Each structure stands twice: as structure tokens, then as C-alpha cells.
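For chain A, the structure is supplied; the task is to place chain B on it using the hints.
The listed protein sequences correspond, in order, to chains A and B. Take the first sequence: its position 83, counting from 1, is numbered 83 in our numbering, and each next residue is one higher. Take the second sequence: its position 307, counting from 1, is numbered 307 in our numbering, and each next residue is one higher.
If you're looking for bench data, these hints aren't it; they were derived computationally from the structure. Heads up, a few of these hints could be off.
[Said to hold, decoys possible] Quick list of in silico lysine-lysine cross-link-like pairs, DSSO-like style, CA-CA up to 27 angstroms: (1) A:K55 with B:K182; (2) B:K26 with A:K110; (3) A:K95 with B:K26; (4) A:K110 with A:K95.
Treat the numbers as computed from the prediction; the structure is a model and nothing was measured.
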Amino acid sequence: MRHGTSKIGLGVAVVALLVASVARAETYVFVRNSRNPVSGLTKAEVRKLFTGRSKQWSSGKVFQGVIGEIDSAEFVWLAWAIFDMSPKDLLTRMKQEIFRGEMKRPIVVKSSDECIDVVQKTEAALCVAAESSARSLPAGVEILPVVD
Amino acid sequence: MRDVAAFTFVSISAISFQARADLDLKFYGDTSFGVRNHSDVSNGFTASRLELFPTASTDRVSFLAELMAEAGEDNEIGVDLERVQVAYLFSNWLRVRAGRMHTAFGYYNDGYHHGRFFELTTGRPQLVSFEDEFGLLVAHLVGVAIDGQVPLGGAGDLHYDLETGNGRGHVLQEVAVLQARKSNKMFNFRLRFLPNALEGLMIGGNVATDQIPRAPPPTAADPMPAGVPNDIREVLWGAHVVYQQHQIHFIAEGAAIVHKEDVTSTVYRHYGGFIEAGYSIGDFTPYARYEHIKFASRLDPFYQLGPLAGLSEYKDGRAGVKWIATENIALKIEGETTITGIGPSIQAGTLQCAFGF
Numbered sequence: 001m002r003h004g005t006s007k008i009g010l011g012v013a014v015v016a017l018l019v020a021s022v023a024r025a026e027t028y029v030f031v032r033n034s035r036n037p038v039s040g041l042t043k044a045e046v047r048k049l050f051t052g053r054s055k056q057w058s059s060g061k062v063f064q065g066v067i068g069e070i071d072s073a074e075f076v077w078l079a080w081a082i083f084d085m086s087p088k089d090l091l092t093r094m095k096q097e098i099f100r101g102e103m104k105r106p107i108v109v110k111s112s113d114e115c116i117d118v119v120q121k122t123e124a125a126l127c128v129a130a131e132s133s134a135r136s137l138p139a140g141v142e143i144l145p146v147v148d
Numbered sequence: 001m002r003d004v005a006a007f008t009f010v011s012i013s014a015i016s017f018q019a020r021a022d023l024d025l026k027f028y029g030d031t032s033f034g035v036r037n038h039s040d041v042s043n044g045f046t047a048s049r050l051e052l053f054p055t056a057s058t059d060r061v062s063f064l065a066e067l068m069a070e071a072g073e074d075n076e077i078g079v080d081l082e083r084v085q086v087a088y089l090f091s092n093w094l095r096v097r098a099g100r101m102h103t104a105f106g107y108y109n110d111g112y113h114h115g116r117f118f119e120l121t122t123g124r125p126q127l128v129s130f131e132d133e134f135g136l137l138v139a140h141l142v143g144v145a146i147d148g149q150v151p152l153g154g155a156g157d158l159h160y161d162l163e164t165g166n167g168r169g170h171v172l173q174e175v176a177v178l179q180a181r182k183s184n185k186m187f188n189f190r191l192r193f194l195p196n197a198l199e200g201l202m203i204g205g206n207v208a209t210d211q212i213p214r215a216p217p218p219t220a221a222d223p224m225p226a227g228v229p230n231d232i233r234e235v236l237w238g239a240h241v242v243y244q245q246h247q248i249h250f251i252a253e254g255a256a257i258v259h260k261e262d263v264t265s266t267v268y269r270h271y272g273g274f275i276e277a278g279y280s281i282g283d284f285t286p287y288a289r290y291e292h293i294k295f296a297s298r299l300d301p302f303y304q305l306g307p308l309a310g311l312s313e314y315k316d317g318r319a320g321v322k323w324i325a326t327e328n329i330a331l332k333i334e335g336e337t338t339i340t341g342i343g344p345s346i347q348a349g350t351l352q353c354a355f356g357f
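For reference, chain A alone in the conformation it holds in the complex:
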């Protein structure tokens, strides 16, 4: 009986840990340079920009995508949350569009902090950053709301 109780206790603890980890799960946002006047995008517009179907921002600046490495949390989020496809499929799609000459090669960054750094220096850049990194953005970088 005591054995059974301890098993139940262990199960509850595991569930509690899972719930806590989900609650703490990182969320992601798009960040843009403050000089970029575009104040919001739809997910479809983001997909067009990151696959070369749109080559410019509506302001006229040539789009520069900034992505994380294939196994980074930021790229995994971009793939699943925006494109509804696996990171490997998204990377293959991007490579294919570059191979076709339809897409400008994206800048690859190693972290959200580096992403924010690149966006700060590049007016036409768009990047995915962890919300925790984007809470205190440096001057010249802002969150770009993306809606369905």
C-alpha cells in the first residue's frame, strides 16, 4: 500500500513538473529595426518574405531574413508556428528558393541575442527572438506583431 502511494506521489510530481515546464515554455516574437516603418504583418506575409515570394517590405526596402540554425528553438518555432512544417522541410524549401534565384540568402545567427544585434544593425532585417531576450530590447529594435 505504501509502495502504491509513493508511486502515485511520484506520478503527481512528474505531472506537476510537466505543467510547470509548459507554463515556463519559451514564446517567440519577431523583431524589426525601428527605422522600418512596417508596424505589423500577417503570417501569410511572413511566409512570403521568408521564401522569396515577396522580396521587399511594403516600404520598398529589400527584405533580409535572419534565421537561427536548424536545431535552434527559434528556427523550430518559425517552422512549426508560421509555416506548419518541419524545420528540415523549411530549410530545404529556403535552399530551393535560393537555388532558383528567388530568395536572398538569409543571415544565420546562433542566438536570440545575436538576432537582435543583427536587426539593430540592419534596417531591412526580420528575425525570430525568444520573448525573454526581447523583453529589454536595445534602442533601434522593436517587436513586430504578427497576426493570423
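Coordinates of chain B only, in the frame set by chain A:
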């Protein structure tokens, strides 16, 4: 041999240049094992293709090239500059490109280039094969092109391509990269609709006009120059429907080729098309493709070369599985049956490893 030396020189130059400039360099190629019946050699390995793919861009200007080292039927490696283009982007609705490009005809021809990593199958449909593989259409354009995308409110986008270039040479395999063979230029126009309501869908059509110049007059050095006896006017019509989204891969494409000989006024009409479909389950994509080409009942002198000579029809069916094993490696296993109306049907199997680094 000189080709290989040049390829090596360019490779080393590109790699060292890459270290200094904003130039990206990728390598694409493939190696395979194939079996086929009704052939003197029933099976064999190939490792015959390697290409360099440099790209560079500075704001609105971009550059790309495909430099391919490829073995011919004689097992000798030759080097081809398959693509070299410089583009300037004025806006989403206007981009100008110049150089050697893939003709914007249908979907497949400029949707897939020489690297087989991205193709679903182990090879291109015969209709859109490259010139040296006796493809029926004009695969490459040497000239200038403008293209762009115009939004149609909430309905979707309209994408246009308008191109002009040297067009056909004297023979089917020729790409007029240096010497235009006639003064009349090829014109090509493509229009596509990409609806917002169904992302991934593309519906398009083409019309292209060109002239196939007659063979040059015989000389002492070349007493029997290759080519057609009379100038031929060529008109190409095309239509395509593509859907690539949510694990679905679907391409349906057709073309009508009309050749009219100037002196005899003889008209040759050829029709070709294919349907390619696949569905991805994780990293695996089972697929199938069927292609049918119907040649004119009278023998068109322009197509009496290589494997197309004397054919009244060409049917090819294939099925296989593509596995994207890593982000750089794709493995494909495929079975194929080809019927040409001449000789027995040919069955073949291919195991291909295509890579891109």
C-alpha cells in the same frame, strides 16, 4: 582535361574569394546505381555530376551561377556554365535579369535546376530535359528577362515573366551562349495566378515564339553541317497547375509545340505533358510521375536526333520514394517503365544519392 583544370581553378578561386567577400558557395551533385533491361550493360554505377553554385548579393543586385562538371556518354568530364545571371530588383513587381538562365516556361523548367537534391524524382521529364539530353523545349535562355508580382487585392498575386534571347541554335542540343545563330530573337511570356484562398496553388500559362535557323552552308572544313534544311518557325504553348503545401506535392504541366517550315509550309504539331504527385510522411515522400509525348505524324527534322529520332510517341511512368536523410542528403529509389513505340518497353530501376553542401 583542360575543362577539369579550369573547373578546379574556378573552384579554388571561388573558395578563396568566399573567404574575403559576401559570396556563398554550395556544392550539388549526385551518385547512383541503376539497372535496366534490353541494354548491353544491365547495371552500372554513376558519379558523373558535380556543380558549384556561387551566389552573392548586395542590396538590390544579386548574382548566381551554376558551374557543372559532368561526364558525357564517352565518360569524359566536361564543364558547362549552366547558369550565370545578374539581377537587379527594382520592386516586387519589377526585376531585371540578364545572362544565361532557365527559360520561364511551365513550372518544372525553372522550378528545378541542375542539382537533383531538390527534385522529387531521379531525373527530369523528357519534355523539360536539358538540351544535351534532347529535351523538347528550350531549357536555357541566353538574354534578358523581366519578372514581377502584382497583388490582386485579397484574391492573390499575379506573377509575370517576359523574356527575350538568342533562342534555338542549329540543332536541338545547341545553346547559343556566344554566337547567336539568327537575328530574330526568341520571346517568351508566362503568366501565373497564386490565389490567397489556397496557399501553395499556382495556375499558369505560357506562349513563346522562336525561329530554328537552317543549317549553315557546307564548307571545306564542314562539308555536312548539322541542322534542318529550312528555317522553322516555332510557337510554344504551355499550361501548368501546381500545388505544393501541407505535405502534398503536385505538378501537372502540358505543352504544345508547333513547327512550321518556311519553304515547304509543312506544319508539325507535338504535344507533351506530365503529372507528378507525391505525399510526404515525415522525411519520406512516396511519389509517382507519368509523362506522355505525342509527336507529329510526319517526322519533324528538328527532332530527328538522339533518342527522339523516328518516335511517334514517348510514354514514361515511374514511381519511387524520396527520403531526406539529412539536411544535405536525399536518397531516392525509383522504378521506371518507358515505351517509345520502337522496340520493347524498357524497365529500369535507380538508387540515387543526391547531395547539397
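Outcome of the hint check:
no. : hint              : verdict
1   : A:K55 with B:K182 : 36 angstroms, violated
2   : B:K26 with A:K110 : 20 angstroms, holds
3   : A:K95 with B:K26  : 10 angstroms, holds
4   : A:K110 with A:K95 : 19 angstroms, holds
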